[in-house]
Amino acid sequence: MRHDQFKRKALSVLVAVVAGAIATSASAVRYPTEHRYLTKPLQICDQGIFYVGGAPKVTPFGANSTPGAYTQIIIGSMFVHFQVPMKSKSWPLIIVHGSGYTGSCVEGTAAGSEGWMDYTVRHGIPTYVVDQSGRGRSGFDKSVIHEGEHLISTDPAAALALLPTFGGSTSTAWTSWFGSIVPALTDVTDGEMVRFGAPALQSNGLPAPGMDPLCVTRPARCTFLGHIPMEPEAPWAVDQAIASRMGIGAPAGLGTVKPDVGGHVNPAFPLNDRYLALEAYKFNVPNTESTLPGSTCPSCLPTTLNATNTWTPRALATLVEGLGGAIVATHSQSGQIGMNMVRVLREDGKLDMLKGLIQVEGGSNTVTSGTTADDFKSIPYLAFKGNYSATSTVAQTLVDAIKGLGGTADYIQLDQPGPWQGAYQGPYGFDYVGPFKGVSHMMMIETSNLRVMDVILNWVGNNIKQPEPTRCPVDDDGD
Amino acid sequence: MRRDQLIKKSISVLSAAVLVSFAATALATVYPTDKRHLTGPLRICDQGSFFVGGVPKVTQYANSVTPSSYQELIITQMYVQFQMPPNARRWPLIMVHGGGYSGSCLESTPDGREGWYSRSVRRGLATYVVDQAGRGRSGFDRSFINEAIATGNLAGFPNLGNTSSSGIWTAWFGFIVPAGSDIITGTMIQRGDAGDPTCASDPFHCAHTVQVIPPVPHSVDPSIKARVGAIGPAPNPANDTYLALEHYKYGLPNTNVTLPNSTCSTCNPTTINGADTWSGRDLATLVEGLKGGIVATHSQSGSVGHHMVRYLKEDDAAGKCGAAGACLAMLKGLITIDGACSFANTGLTAADFANIPYLVFRGWYPSPISNGCDATVAAIKAAGGTADFIKLDDPSFGTRFQGVTHMMMMSTKSLEVFDEILKWADKNIRNPRTGDSCEEGSE
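Protein chains in written order, with this note's numbering: chain A, 1 to 479; chain B, 1 to 443.
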């Protein structure tokens, strides 16, 4: 599609968007003027941002798709946001988000409540939250797209080989973590979206729109709902302007868009609209790190590393070293980033600076990251899993191997026995209905996020040797 | 260059990069473990982030360049981060970055000092910093690019901006001489260096910048200066230092160009680009959601701020805020920092600002972006409103701000510059402390 066509098409729908969206948009966001995010005030010794790493690229495609004067761009650097509490009682904690997200997922939740970053700072931990290299505020290599655009008419094959595909979370977040689309092989336009646990316990007493297929095989799952905020129990969790499908009147001008039918994405199941309008989705950004180059790693199998496992691991290792030691917590897709960071630290001869590695829902693969259990002999290691996730063989294997070498390693699964269960006595596994029932993969933006972090912090307290506390120098008030 | 070549090239350089870069990076980044960014501790009553706005798009190109099952993307939403001090003033300050940047440019300077965001909180303002819709943490419409690739038709695809390292250099910090050369064939010089082509015609402004450029410590990444990990041809070695500024790492692509345009019948021209359309709309939503605020824009977001005013007016016309004019009345001040202020482009009139204090603020170097704002300021004054145009090269400032460029929030004079803006706000916008001690739930 030509850009000018794009424009013209867009015009017709946007008038409707702007006029319509106005009416209801206030009900979506929880504004801080109406509702406090933090559980309590915080006093901050230091805060700010910086960037680590990056490499220069000199290209005639830095500005646009017509080759022009050579310009330089810096690619692969990593955005870091930090807060330091008045009394630091811990090594710095570096938190890395997963695929399709940025650091914003730990800086306030989809519920408009305190995030993991606030909470760890409150617990005396200097906290560093990154946007992965090539994503969000870290930027990406736009010249790859410009160059592809330049080649597309003369050498389409070369252009297509050059141009990356941008993935990341979409409404797929729904089927990955929050619910299902039934029957199988349907999508949001021809299937029915149902919540995990439906039709169990909606708080308004009404039957849920459909039945979670897991209820058949795992009936215990049908006694509770997930922890991601949703209507009707949390009215602000859904953007009403999006639920009412404003901004996509047919013919939509946003590329090839499936027009709504009667104002619904699927008229047979109008509640799909609501489940497609969660505030939680707005945290998502494209995985633009796919524009960055990959690299090779002789000790890895396979030896070719993609961009994701090239740049952020390098930048994280630089950050750990620059801070003089830190604990790193990864999530999901950044699990293997964390493993590759361990390899880079080993190559740098700085493995001792990693004071602990916490892998939330992903990681642990030593073969692809060129690591061995031996690397973790002196690094406390935690594999951490929420509900709805099966036991990971690679995680269990690594934890067992580290323990076998005399190291410190644990595999905490929130649906398995452990001190985090409190008075709950079971059952565990598929039939688990204890205090963490309903926790999903995206546990940091859910309503139970702080109780989950408590389990992690408890493990840190028991397993990581911390430095002497330091107090903030209060020689002035900043003016 | 083919992608496979790029990978091949990068492979050969990256092993070198990995080996070498760690040795020298400590000089570039200002780690908080070495030097505190803040000038002193801060008490925070509340903080967090949220998103405003957004529209749904159902597409087969969400994650793939071949059509797959339909998925929904939410596009055009705007990321907002905020901090609120105890006993905050009545009206918050909303700050908007310019083209090629994100809100990060307001959080810390490249040499690791307190940014405008923290400073604003320290001065008692609840402060909201956004990433413009379609940029940074706000995401963008990737399906637009995926679909263009799928159909093999990228002709006319919008470019993602020219804020390259060397582009930032020539836009604000210096020149590449001789004229017509580039970083490979020419030499980068700072403003005021011998050979500054503007010195002959404008000797008054022939001076060094006070940006974060050497010899300021931490201003240069030594591994980038040494071309470690470099991809592509080598520039003139004389340029290596100026091509390695930490400042450039704040730059990011203008992916807001993937968002759809709109029309505005009261504007001239009537076609409104994606940035003005969506960030303007989202800012108006934010001002209304907060039930009042002061908005400060920079550079490219100057027109975004003015379109926000238009949306507030349109919301009034639709009766959104109750009483007539109640939406517009929620805007307690508009501060345009080195940006455009055309009323014609944005469908506004001077009368719209009869009760909204209006400031245009410009660095020491005259900037073509804001030079035309004199007429706007004069028109508001003539209509009985409060409007000022503060230029840092005004003789009344003496040499205090000599050399402050467009990117003033990241300069070595950043906090003094910001204090001038706040001084104007204190004088012209009634904004008392609320007395909220923030004691609910003690620390």
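Certain hints may be false.
Claimed, not checked - In silico DSSO-like links for lysine-lysine, alpha-carbon gap of 27 Å or less:
#	chain 1	residue 1	chain 2	residue 2
1	A	258	A	377
2	A	350	B	427
3	B	35	A	465
4	B	35	A	87
5	B	291	B	225
6	A	377	A	89
7	A	87	A	465
8	B	225	A	350
Unchecked claim - Simulated coverage check for chain B against chain A, where a stretch passes if three residues somewhere in it have a Cβ under 8 Å from a Cβ of chain A:
#	stretch
9	195-209
10	417-429
No lab work stands behind these hints, which were simulated from the structure alone.
Note that CB positions come from ideal geometry on N, CA and C, so glycine has one too.
To see whether the hints hold, each was checked on the structure:
no. : hint          : verdict
1   : A:258 - A:377 : violated, 54 Å
2   : A:350 - B:427 : violated, 54 Å
3   : B:35 - A:465  : holds, 24 Å
4   : B:35 - A:87   : holds, 16 Å
5   : B:291 - B:225 : violated, 48 Å
6   : A:377 - A:89  : holds, 24 Å
7   : A:87 - A:465  : holds, 17 Å
8   : B:225 - A:350 : holds, 24 Å
9   : 195-209       : violated (count 0)
10  : 417-429       : violated (count 0)
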